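Visitor: In case you want the letters, here they are:
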Amino acid sequence: MAEEKDVADLREKVARAAQLLLFRRHMQPGVKAWELKRDLGRNYLEVIKVLDVELGKLGLTVKKVEGGEEDSDSDRYFVTMRGHPAVSEARTFGWRIDDMAILSVVLSYILSKRGKAPLKEVERVLEEKFPRWKVEQDVDRFIRRGYLEEDDEGVLYIGWRTRAEVDQKALLGLLLGREKVAEEKAKSEGSPEAGGNENEAEENVQ
Amino acid sequence: MVVTGQDRKELMLRIINLAESVTKSGVDPFDVDVKEFFERLRVILPKLRDSDELNLDIDAVLGLANIIFHQGESIRFKSSLLYLDPLLIMWKIRSLSSKELAGVLTSSWHPIVDMESITPHGIKESMDYWTNLPRFGDRAMLDSTEVLPEEMEFQELARLGILSKEEFIVAIERAWGELKEKADGGEISYWDFINAKTFEETISRAWLVSFLVSYGYATIDVKPLEEEIFLKPLPKPMKLERVTTFSVPISISRSEWQRRRKSG
Numbered sequence: 001m002a003e004e005k006d007v008a009d010l011r012e013k014v015a016r017a018a019q020l021l022l023f024r025r026h027m028q029p030g031v032k033a034w035e036l037k038r039d040l041g042r043n044y045l046e047v048i049k050v051l052d053v054e055l056g057k058l059g060l061t062v063k064k065v066e067g068g069e070e071d072s073d074s075d076r077y078f079v080t081m082r083g084h085p086a087v088s089e090a091r092t093f094g095w096r097i098d099d100m101a102i103l104s105v106v107l108s109y110i111l112s113k114r115g116k117a118p119l120k121e122v123e124r125v126l127e128e129k130f131p132r133w134k135v136e137q138d139v140d141r142f143i144r145r146g147y148l149e150e151d152d153e154g155v156l157y158i159g160w161r162t163r164a165e166v167d168q169k170a171l172l173g174l175l176l177g178r179e180k181v182a183e184e185k186a187k188s189e190g191s192p193e194a195g196g197n198e199n200e201a202e203e204n205v206q
Numbered sequence: 001m002v003v004t005g006q007d008r009k010e011l012m013l014r015i016i017n018l019a020e021s022v023t024k025s026g027v028d029p030f031d032v033d034v035k036e037f038f039e040r041l042r043v044i045l046p047k048l049r050d051s052d053e054l055n056l057d058i059d060a061v062l063g064l065a066n067i068i069f070h071q072g073e074s075i076r077f078k079s080s081l082l083y084l085d086p087l088l089i090m091w092k093i094r095s096l097s098s099k100e101l102a103g104v105l106t107s108s109w110h111p112i113v114d115m116e117s118i119t120p121h122g123i124k125e126s127m128d129y130w131t132n133l134p135r136f137g138d139r140a141m142l143d144s145t146e147v148l149p150e151e152m153e154f155q156e157l158a159r160l161g162i163l164s165k166e167e168f169i170v171a172i173e174r175a176w177g178e179l180k181e182k183a184d185g186g187e188i189s190y191w192d193f194i195n196a197k198t199f200e201e202t203i204s205r206a207w208l209v210s211f212l213v214s215y216g217y218a219t220i221d222v223k224p225l226e227e228e229i230f231l232k233p234l235p236k237p238m239k240l241e242r243v244t245t246f247s248v249p250i251s252i253s254r255s256e257w258q259r260r261r262k263s264g
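These protein sequence lines are chains A and B, in that order.
Taken in order, the first sequence gives residues 1 to 206; the numbers are from the numbering used here.
Taken in order, the second sequence gives residues 1 to 264; the numbers are from the numbering used here.
To be clear, the hints were calculated from the coordinates, so they are not data collected in a lab.
Since we're looking at a predicted model, the values are computed, not measured.
Idealized CB from N, CA, C, for every residue including glycine.
Any given hint could turn out to be false.
What the simulated footprint calls covered on chain A by chain B, stretch by stretch (three residues with Cβ under 8 Å from a Cβ of chain B suffice, anywhere in the stretch; the number is not a length) [said to hold, decoys possible]:
1. 16-30
2. 38-51
3. 79-87
Cross-link-like lysine-lysine pairs, in silico, PhoX-like; alpha carbons within 25 Å at most [said to hold, decoys possible]:
4. LYS197/B with LYS232/B
5. LYS134/A with LYS113/A
6. LYS32/A with LYS197/B
7. LYS129/A with LYS223/B
8. LYS32/A with LYS49/A
9. LYS24/B with LYS116/A
10. LYS113/A with LYS24/B
11. LYS182/B with LYS113/A
12. LYS169/A with LYS99/B
13. LYS182/B with LYS124/B
14. LYS32/A with LYS64/A
15. LYS262/B with LYS120/A
16. LYS113/A with LYS9/B
17. LYS129/A with LYS169/A
18. LYS64/A with LYS116/A
19. LYS24/B with LYS120/A
20. LYS47/B with LYS9/B
21. LYS64/A with LYS37/A
22. LYS120/A with LYS197/B
Please model the entire structure based on the sequences and the hints provided.
Guide: In structure tokens form, the structure reads like this:
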């Protein structure tokens, strides 16, 4: 009887965790660790692991992004796609090919510069390939959406959303052709779960 | 070799500028010959005459120490798996088409999945709006009045689900703790306290301060002649009774914030 009660209790907590993670409650998506602890109890990580297994069946996963503070309370949890979308699929989310290309260039450039680069320098690189108005519009948009961060001295950094959504090692590897884009694309189009990268395992809750 | 005071000053300023370029503009720290600069500073040290020169010398030595720190960071980064030569990256960026670059992003991209939802209150409000909306034909005849944005009460935010009561109390307590620490038993300039790395964060801190003052966690002292505003944290939250209270409107524009960030 006690075992049945435990299972029912766990089920309830997994459902609650799914609601917390999937329904946006703040300006930003995701939930902070202290909020999960408050709602699910001290063993919230166990609940999240079970949820991750359940979401895996739907091609989704729970991802943790460290909050940068010593305690884990500031860590933030998100639900992301386990695999990755094809270019044609991303266009249906409202992304143009130019937008994706610009974000790809900005992130690669910043990552190659040890995680920060002056905005002016980034704009100069982008303007070699894209019109100025498009560059300004997109960089602004990426800052607003959290893919990039800008400090008051005009230096760009990798934003919280990039840390949550983009496998940075894979991005650089793909850019240099170390990993084959075509193969990756075929895998992701064939199976939504096939895009999982070994590097990601460290960041995903598994 | 005769080294004039002007030469000494120029050398020290050059080192300070170089250190700033390494920190802020991402200049490769290994482009700076630190050993050579330390040697030159050692040579001029006995010839430094006044406190200005000595201060410049301290800044130059600190700058070189900072460059060494960045060299360490650079080695650590280059030995990590994430390091790739920036020139190689630039070459690839130039050689790939937009479609290929887009493919690079999507193949390493795992978008966040979340849902926006509407609360029962939101549904009711929408229904009331729709029910009370005049017919389209009548709307053109109506006069419109410009309504300025108003301050949003905490209760309203809580009702909308943007901020829960617990989160709000935690945020207030945290801000109060920070204020007490920074004021160190005394008072602190309002602008110094709310000033943050981004404009949005500054506004958010100013919003929290308004509650700290309204709820009796701190007092605000406006000195119109000095054009200064000071915050003084109270040791414990107090209900200010029999005290004349008044509202203090403080305008914070982006340009004002930028000016204060630069000056301070």
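Visitor: Against this structure, judge whether each hint is valid.
Guide: Going through the hints against the structure:
Evaluation of the coverage hint for the stretch 16-30 of chain A: fulfilled, as 9 residues show C-beta separations to chain B shorter than 8 Å, against a requirement of three. For a cut-off of 8 Å, the count of residues in the stretch 38-51 of chain A with a CB near a CB of chain B stands at 1, and the three-residue condition is violated. Counting residues of the stretch 79-87 of chain A whose C-beta lies closer than 8 Å to any C-beta of chain B gives 9; at least three are required, and the coverage claim holds. Distance hint between LYS197/B and LYS232/B is fulfilled; the C-alpha atoms sit about 23 Å from each other, no more than 25 Å.
A distance of roughly 23 Å separates the Cα atoms of LYS134/A and LYS113/A; the hinted pair therefore holds under the 25 Å criterion. Note on LYS32/A and LYS197/B: the hinted pairing holds, with a Cα-Cα distance of about 21 Å set against a maximum of 25 Å. At most 25 Å may separate the alpha-carbon atoms for a hinted pair to count; LYS129/A and LYS223/B exceed this at roughly 54 Å. Our distance criterion of 25 Å between C-alpha atoms is met by LYS32/A and LYS49/A, whose separation comes to about 16 Å.
Restraint check: the Cα-Cα separation between LYS24/B and LYS116/A comes to about 9 Å, which is no more than 25 Å; the hinted pair holds. At most 25 Å may separate the alpha-carbon atoms for a hinted pair to count; LYS113/A and LYS24/B meet this at roughly 12 Å. Between LYS182/B and LYS113/A the CA atoms are separated by roughly 35 Å; this puts the pair beyond 25 Å, and the hint is violated. Our distance criterion of 25 Å between C-alpha atoms is met by LYS169/A and LYS99/B, whose separation comes to about 20 Å.
Taking the CA atoms of LYS182/B and LYS124/B, the gap is near 45 Å; set against the 25 Å cutoff, the hint is violated. The straight-line distance between the Cα atoms of LYS32/A and LYS64/A is roughly 9 Å, inside the 25 Å bound, and the hint therefore holds. The suggested pairing of LYS262/B with LYS120/A holds, with an alpha-carbon distance near 18 Å, which does not exceed 25 Å. Pair hint LYS113/A plus LYS9/B does not hold up; C-alpha atoms about 32 Å apart against a cutoff of 25 Å.
Pair hint LYS129/A plus LYS169/A holds up; C-alpha atoms about 24 Å apart against a cutoff of 25 Å. Distance restraint check for LYS64/A and LYS116/A: the Cα-Cα separation of roughly 22 Å lies within the 25 Å cut-off, and the hinted pair is therefore satisfied. Restraint check for LYS24/B and LYS120/A: the C-alpha separation of about 13 Å stays at or below 25 Å, so the hint holds. Distance hint between LYS47/B and LYS9/B is fulfilled; the C-alpha atoms sit about 11 Å from each other, no more than 25 Å.
Between LYS64/A and LYS37/A the alpha-carbon distance is near 14 Å, which keeps this suggested pair within the 25 Å criterion. For the proposed pair LYS120/A and LYS197/B, the alpha carbon gap of about 19 Å is at most 25 Å, so the pair holds.
Violation of the numbered hints given earlier is confined to hints 2, 7, 11, 13, 16; the remaining hints are satisfied by the structure.
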